[in-house]
Amino acid sequence: MTKLRITNGMYVAMIVNFIYAKAIGVTQGVLAMVIGQDMWIATLFGTVQGAVMIYITYLAIRHTPERDFIGLGAALLGQWFGKLVALVIFLFFLAAFGPLMITFVYHLQEYFLPEAPIMLFIVSALIVGAVGCFYGLEVMARISLIGVLCIVLLNVLIVLGSMNEFDIRNLLPVMELGFIPTVVASVHYNEDWALATMMAALVLPHVKDVQKRGGQLGVAGIMLSGLLVGIWAILEAAVLSSEVTSKYTVSCMKLARNAHIGIFLQRYEMIMIALYSLPILFGVMFCLYGASFSLSKLLGVRSYRKLIAPACLPVGAFGYWIVEDHFRAIYYLEHYWPRIANPVAFGLPLLMLLLRFVFGKKLSQAS
Numbered sequence: 002m003t004k005l006r007i008t009n010g011m012y013v014a015m016i017v018n019f020i021y022a023k024a025i026g027v028t029q030g031v032l033a034m035v036i037g038q039d040m041w042i043a044t045l046f047g048t049v050q051g052a053v054m055i056y057i058t059y060l061a062i063r064h065t066p067e068r069d070f071i072g073l074g075a076a077l078l079g080q081w082f083g084k085l086v087a088l089v090i091f092l093f094f095l096a097a098f099g100p101l102m103i104t105f106v107y108h109l110q111e112y113f114l115p116e117a118p119i120m121l122f123i124v125s126a127l128i129v130g131a132v133g134c135f136y137g138l139e140v141m142a143r144i145s146l147i148g149v150l151c152i153v154l155l156n157v158l159i160v161l162g163s164m165n166e167f168d169i170r171n172l173l174p175v176m177e178l179g180f181i182p183t184v185v186a187s188v189h190y191n192e193d194w195a196l197a198t199m200m201a202a203l204v205l206p207h208v209k210d211v212q213k214r215g216g217q218l219g220v221a222g223i224m225l226s227g228l229l230v231g232i233w234a235i236l237e238a239a240v241l242s243s244e245v246t247s248k249y250t251v252s253c254m255k256l257a258r259n260a261h262i263g264i265f266l267q268r269y270e271m272i273m274i275a276l277y278s279l280p281i282l283f284g285v286m287f288c289l290y291g292a293s294f295s296l297s298k299l300l301g302v303r304s305y306r307k308l309i310a311p312a313c314l315p316v317g318a319f320g321y322w323i324v325e326d327h328f329r330a331i332y333y334l335e336h337y338w339p340r341i342a343n344p345v346a347f348g349l350p351l352l353m354l355l356l357r358f359v360f361g362k363k364l365s366q367a368s
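So this note's numbering is basically just the index in the sequence shown, starting at one, shifted up by 1.
Keep in mind the hints are simulated off the structure, nothing from the lab.
Some hints here could point you the wrong way.
Heads up, simulated DSBU-like pairs for lysine-lysine below, C-alpha to C-alpha not over 30 Å straight-line [as the list claims (entries may be wrong)]:
1. Lys307 with Lys209
2. Lys362 with Lys84
3. Lys213 with Lys84
4. Lys362 with Lys209
5. Lys84 with Lys209
6. Lys307 with Lys84
7. Lys362 with Lys213
Using the sequences provided together with the hints, build the complete structure.
The following block contains the structure:
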């Protein structure tokens, strides 16, 4: 049995941190462009889908809580299938590093350090991420607890600072384009909870009460993330309007510039970056962990730590290639990343659950 190291609260905090940074950073701008003022409703639909899929992930692991998806695949169909699952997860986290770097680099470069080279941001993110990854899941989980406190404080400040500019008329009419287009638009938010689902596929065996409460905790993490992100979706639509939001790659920074409390606390950019840093760096850490861990299983290396540096090379190179060209970054974010994230996030948990149902007796006998 895998030694339990992550408490229930840490697991929920990891989910919130992994979803939040990109979801408020760049996702809402894409949703505003696709579905207009109903971006918050699309976020709601996506949250419900995410809760269902992370519960399915739990169902696939529930009866063998010591096995992650890679170990479960190897136990069901043999080592070759386990390595195939490891390859899919590695490619997923490799592709996920692009949107994370879009969020990280464009926040800092466009608003604070326009003359700084892109390589500076990529290398600094990789160094911090590699250090956190080296110290392991327990350290990353503790960081995520502090990250949740920063997220809650940031949300409180942005709500207080935006109330004077809030215009509910910007949220009308509701579902102007119809129910089906709004549901379809939610695929852009699905990319965010997809990160949490793939994280759960690796982390669940380390969670304290995985057998009894793993499903409830996963759903709670997704729903809490949806609430925290939904606040930003409503504020951006009501304060900035969907037309203005859609014109900004990093729309949350535009909202932060508009926020103010009285005459002393004006323009939240620096406050936002300070509180935003831990969630986005946690995302970088776990992307590197997911890539190096799955690569170690793929290559048969006992310790994933030996592969952190090798994993940084393709991950960092891909992140640099994405953010170097702004047009390429936005096109990847809007078109390619949904085609990668959604099939994996929906398909892999469903496939593992189906295989578990078909070959569950064989797995029980082997155990």
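query: Looking at the structure, which of the earlier hints fail to hold?
result: none
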